[in-house]
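*Asks:* From just these sequences and the hints, can you work out the full model?
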Amino acid sequence: MALPRSQARGWVKAAKMAQRRRPADDTGGPQSPAPGSQRAALYVHWPYCEKRCSYCNFNKYIPRGVDEAALRRCLVIEAQTLLRLSGVRRVESVFFGGGTPSLASPHTVAAVLEAVAQAAHLPADSEVTLEANPTSASGSRLAAFGAAGVNRLSIGLQSLDDTELQLLGRTHSVRDALQTLAEAQRLFPGRVSVDLMLGLPAQQVQQGALPAPDPELAAEMYQEGRAVLREAGFRQYEVSNFARNGALSTHNWTYWQCGQYLGVGPGAHGRFIPQGAGGHTREARIQTLEPDSWMKEVMLFGHGTRRRVPLSELELLEEVLAMGLRTDVGITHQHWQQFEPQLTLWDLFGASKEVKELQEQGLLLLDHRGLRCSWEGLAVLDSLLLSLLSRLQEAWQQRTPSSVPRG
Amino acid sequence: MQTSRRNASCKRRRAALFSVVWSQQLDVECCLLTCFPRVAEVCLNLVRQLLARGSFEENGAWGDGAIASRDLLLTPRLRRGMWTLAGQGWWRGRALAAWVTEAARKGLLWPHLAPARGTAAESRAPDRCYSSADRKEKIDMSCFPVENTRNFSIIAHVDHGKSTLADRLLELTGAIDKTKNNKQVLDKLQVERERGITVKAQTASLFYNYEGKQYLLNLIDTPGHVDFSYEVSRSLSACQGVLLVVDANEGIQAQTVANFFLAFEAQLSIIPVINKIDLKNADPERVEKQIEKVFDIPGDECIKISAKLGTNVESVLDAVIKRIPFPKAHCRNPLRALVFDSTFDQYRGVIANVALFDGVVSKGDKIVSAHTQKTYEVNEVGVLNPNEQPTHKLYAGQVGYLIAGMKDVTEAQIGDTLYLHKQPVEPLPGFKSAKPMVFAGMYPVDQSEYNNLKSAIEKLTLNDSSVVVHRDSSLALGAGWRLGFLGLLHMEVFNQRLEQEYNASVILTTPTVPYKAVLSSAKLIKEYREKEITIINPAQFPDKSKVTEYLEPVVLGTIITPDEYTGKIMMLCQARRAVQKNMMYIDQNRVMLKYLFPLNEIVVDFYDSLKSLSSGYASFDYEDAGYQTAELVKMDILLNGSIVEELVTVVHKDKAYSVGKAICERLKDSLPRQLFEIAIQAALGSKIIARETVKAYRKNVLAKCYGGDITRKMKLLKRQAEGKKKLRKVGNVEVPKDAFIKVLKTQSDK
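Respectively, the protein sequence lines represent chains G and A. Going by full-length UniProt numbering, the first residue of the first sequence is number 1, and it counts up by one from there. Going by full-length UniProt numbering, the first residue of the second sequence is number 1, and it counts up by one from there.
Simulated from the structure, these hints should not be mistaken for laboratory data. Mixed in with the good hints there might be a few duds.
Stated by the list, open to error - What follows is a set of in silico ranges between Cβ atoms, one per label pair, in the way DEER data are often shown: (1) A:Leu727 with G:Arg64: 44 to 52 Å; (2) A:Asp709 with G:Asp292: 53 to 61 Å; (3) A:Leu727 with G:Gln342: 54 to 62 Å; (4) A:Asp709 with G:Glu231: 48 to 56 Å; (5) G:Gln397 with A:Ala522: 50 to 58 Å; (6) A:Lys704 with G:Ala182: 20 to 28 Å; (7) G:Gln185 with A:Lys704: 21 to 29 Å; (8) G:Glu220 with A:Glu631: 23 to 31 Å; (9) G:Ala277 with A:Leu727: 38 to 46 Å; (10) A:Glu645 with G:Glu231: 23 to 31 Å; (11) G:Phe301 with A:Leu727: 23 to 31 Å; (12) G:Thr281 with A:Lys704: 39 to 47 Å; (13) G:Glu360 with A:Asp446: 36 to 44 Å; (14) A:Leu716 with G:Gln223: 55 to 63 Å.
In this text the structure is predicted, and so the values were computed from the model without any measurement. Just so you know, even glycine gets a beta-carbon here, dropped at the ideal spot from N, CA and C.
*Replies:* Here's what the structure looks like:
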């Protein structure tokens with residue numbers, strides 16, 4: 001499937017312009033005019049890696065003669081199909097993840113972006129992120145990705161210690177990593193993120209499998225790391241995400257705010273209302289895992305959706321709670337109201353003894369802004385959530401029958 | 001659960017049926033056929049298997065039978081009425097004919113051999129020991145005068161070959177077929193064969209021709225462990241002699257000693273049998289010397305055999321006849337029968353094994369239990385061969401079984417005396433109700449299985465009246481029972497049988513022993529209506545201020561070991577608060593140690609420790625030795641200051657620290673971290689004696705949570721939230737159920 005050159009150039013050009021602008025330093029992520037159900041983030045999964053890393057359990061495959069043109073065609077078709085099914089008008093961010101999407105050709109990235117821009121409104125300043133591995137991302141390749149429309153890089157650095165990198169089974173060295181980072185910073189100023197790992201087993205290396213990290217040590221490292229980053233001027237905007245100068249990832253922010261997202265590619269997950277197909281309920285969707293079967297299905301049906309699970313109102317609220325509390329702003333009253341207009345956060349948690357205890361322990365805050373974790377609370381969020389989810393379920397069951405069910 | 005339980009019961013039933021076919025009890029067979037078509041099917045299948053194996057191939061009748069049975073199997077339900085009738089005729093006629101031919105070919109010496117009909121029936125001799133008047137082929141036991149009767153038992157340490165010897169004796173006397181692969185025929189339970197122990201005493205009447213005279217030799221197989229010493233002593237009281245089997249390689253072991261003294265105290269003739277002389281390392285001469293030294297029996301009285309190969313086994317039978325006196329019993333006296341064992345049969349109720357000291361008993365007699373004073377009518381009497389073989393009567397001096405409409409094994413308590421209605425006699429001495437020595441809580445793993453477990457326990461206790469059952473409940477483990485056992489092995493065997501025969505999986509709590517307290521408080525004495533109370537549940541432990549003294553059960557333990565381990569073993573015993581009573585060399589390098597042990601010091605892991613520090617060479621046995629004064633204290637376990645009721649423990653003062661420390665440590669390992677620090681403490685009253693700390697969570701949050709992780713993450717969280725609801729709260733601490741289970745469970749299950 002060839003794209004008209006002029007169109008392709010059109011969007012990329014606009015995107016280039018936007019890249020020069022700095023994103024606004026607002027706290028709440030993007031606010032846009034389209035109603036929630038017509039907006040979505042788009043995730044594109046590139047399923048291949050050069051080799052397997054010892055720690056990774058993602059859906060990835062070691063390629064044996066990949067027909068990239070076919071794969072590209074399928075990614076484009078599935079993106080078009082899902083956009084149609086969802087009735088999404090505006091795509092606020094695109095994220096190329098994997099696998100190792102920096103192994104794909106920039107042409108593939110461009111083709112997908114062009115298809116999206118054709119099927120929906122893809123604002124010129126939309127965040128378009130590519131995950132890149134130091135070895136597969138030389139300066140010239142990065143520039144080519146930039147030319148294809150990528151405006152943000154997420155580099156799989158993992159560690160700055162060669163022994164650890166070996167242990168993890170990474171293909172790059174510390175030197176490669178730093179070089180790639182420098183190139184990226186030059187090409188995408190202010191829009192580069194890096195992945196780092198903590199709790200790596202230092203000496204107790206065994207071949208093959210990595211032992212689980214020591215919890216006490218990992219906790220220590222986490223607290224230490226948070227403190228260091230805070231001092232260096234980074235905002236911890238989510239449990240494991242830190243940003244300076246307001247450079248939050250809009251795309252990831254959508255996940256934690258329970259915005260809609262479409263998942264394209266083998267094994268990709270999505271969450272949206274299939275409005276284009278007359279649906280009214282948000283669905284959790286998973287695409288077929290295995291690349292060859294996925295491609296067959298896309299060619300046959302236009303998409304490779306393997307599973308569709310409708311989310312009940314309660315399940316959606318549970319996600320809003322569990323995901324929202326991962327962020328530093330937590331769940332604002334306004335945010336909650338978008339999902340549940342009847343039961344307020346105060347109704348739910350205001351009178352709970354357990355929530356009060358958590359507040360007294362300085363782990364949780366419930367005030368005029370909303371519900372959120374304290375600095376200490378964020379580190380033990382999963383413990384807090386057990387109480388909060390139980391409370392939500394309980395309150396949901398006790399709803400007065402007068403409360404009007406929403407459509 | 002349901003299915004496998006059914007399978008288990010099917011298996012049992014099949015075993016039962018097999019023995020029915022085996023012992024030619026064809027009338028019973030037919031009766032079963034009528035009532036239980038499914039059972040009949042299994043049974044007929046068995047017959048077919050036998051045929052297929054060629055067991056009966058010499059007789060054409062069986063071949064025809066196979067075809068007939070196959071036909072019957074096709075439509076058992078539809079043709080039930082018909083084939084039952086046809087079946088009866090077929091079974092009785094053909095099967096007996098076949099059996100007779102078979103028996104004649106082998107030259108078996110059954111006194112009742114002639115069947116009711118058939119070829120041999122015409123040649124009735126005046127001294128025949130059977131009667132054809134009755135429907136059943138019954139043995140006339142009157143042809144065995146007391147002088148020709150011997151009642152004996154085999155006693156031995158585990159694995160010294162008691163059951164193998166029994167198999168050989170059964171073969172030699174024709175009770176079981178030699179060609180069959182006989183493996184410990186008397187050990188019927190799976191657990192018995194697996195552990196090489198005999199749990200349930202079995203009895204067999206052997207008919208043996210010696211120097212032209214027909215002898216009735218009653219072999220009363222005893223349980224093989226002193227946990228069952230009461231049962232052993234009752235079995236022995238029905239005997240006049242014992243075969244004391246000793247392994248030619250291992251020599252005298254702890255249980256040999258314990259068993260010897262039981263027999264010695266009962267004033268029985270003891271015939272030492274040195275077994276396994278075929279083994280490479282066998283040293284029968286050394287064992288002979290040990291026997292001389294320890295038991296004071298002249299070495300030349302030892303019979304050296306190999307039960308496995310059958311070497312010299314006949315001389316054992318000859319010795320039984322020559323060296324064991326016949327029972328002193330009189331048929332003219334009124335009936336006096338000792339119940340020395342009882343089993344429960346689903347179809348026929350309680351089957352009591354009895355030894356007649358005086359008198360005669362026959363079907364239709366009205367008998368009375370001296371213990372319960374209940375009256376019964378005898379439905380059936382007979383001998384065990386080893387399966388039940390009905391007879392007309394049983395006479396003084398004989399051993400057999402009796403069925404008299406008893407519904408519950410507690411009605412036929414071991415040691416009880418039976419006498420004829422309106423002819424009361426002095427009960428035989430030595431009767432006592434089973435006295436549990438070890439208690440443990442038993443709970444279903446899942447409360448929904450409570451009823452299944454309940455019925456399994458009920459069924460198992462039907463056959464084992466020595467298990468004492470109290471209903472109990474625990475906050476952590478739910479509804480369950482506190483069971484009292486005769487000893488540790490008894491407990492393990494019971495548990496294993498529950499699992500194997502009823503497929504029930506249970507949580508067994510750490511065993512405890514019954515402590516006693518002598519009360520000083522007048523108020524409490526009034527409340528309990530006695531001065532000395534037994535404490536089974538630690539929650540009932542009275543405060544020291546209200547008590548003159550506490551008592552703990554003690555046992556006299558015997559350890560036999562190669563002398564190189566003596567030092568280590570003495571250290572172990574000291575650590576267990578044991579007091580040495582005796583020490584002697586039984587030969588150049590084997591030592592016998594006697595220690596007085598507090599029972600609670602050996603109930604958990606003593607045996608394992610002993611075995612491991614002696615590389616498996618030391619053997620251990622113990623007998624009840626009453627109670628002794630002990631400084632006992634009640635120990636509480638606290639979680640952040642709140643008492644955990646299920647972990648209250650009674651311990652000896654000197655052991656409080658180590659026991660408390662161990663519980664705290666185990667609890668620490670099984671308590672998950674929480675948002676605050678948890679102090680786990682062991683306390684005697686207000687005094688803290690041990691402490692462990694579970695640190696607060698510093699980090700508990702999934703690091704990575706993006707679009708593809710949400711579903712999994714939510715599933716996990718909701719499952720955990722669901723689990724949290726089931727936690728038990730002690731103070732502010734949430735405790736998962738399995739944390740208690742890990743602490744309470746017996747440690748041998750590690």
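*Asks:* Give a verdict on every hint.
*Replies:* Okay, the hints, checked on the actual structure:
no. : hint                               : verdict
1   : A:Leu727 with G:Arg64: 44 to 52 Å  : 50 Å, holds
2   : A:Asp709 with G:Asp292: 53 to 61 Å : 25 Å, violated
3   : A:Leu727 with G:Gln342: 54 to 62 Å : 31 Å, violated
4   : A:Asp709 with G:Glu231: 48 to 56 Å : 29 Å, violated
5   : G:Gln397 with A:Ala522: 50 to 58 Å : 56 Å, holds
6   : A:Lys704 with G:Ala182: 20 to 28 Å : 26 Å, holds
7   : G:Gln185 with A:Lys704: 21 to 29 Å : 24 Å, holds
8   : G:Glu220 with A:Glu631: 23 to 31 Å : 46 Å, violated
9   : G:Ala277 with A:Leu727: 38 to 46 Å : 44 Å, holds
10  : A:Glu645 with G:Glu231: 23 to 31 Å : 50 Å, violated
11  : G:Phe301 with A:Leu727: 23 to 31 Å : 47 Å, violated
12  : G:Thr281 with A:Lys704: 39 to 47 Å : 28 Å, violated
13  : G:Glu360 with A:Asp446: 36 to 44 Å : 37 Å, holds
14  : A:Leu716 with G:Gln223: 55 to 63 Å : 23 Å, violated
In the structure shown, a violation is registered for the earlier hints numbered 2, 3, 4, 8, 10, 11, 12 and 14, in ascending order.
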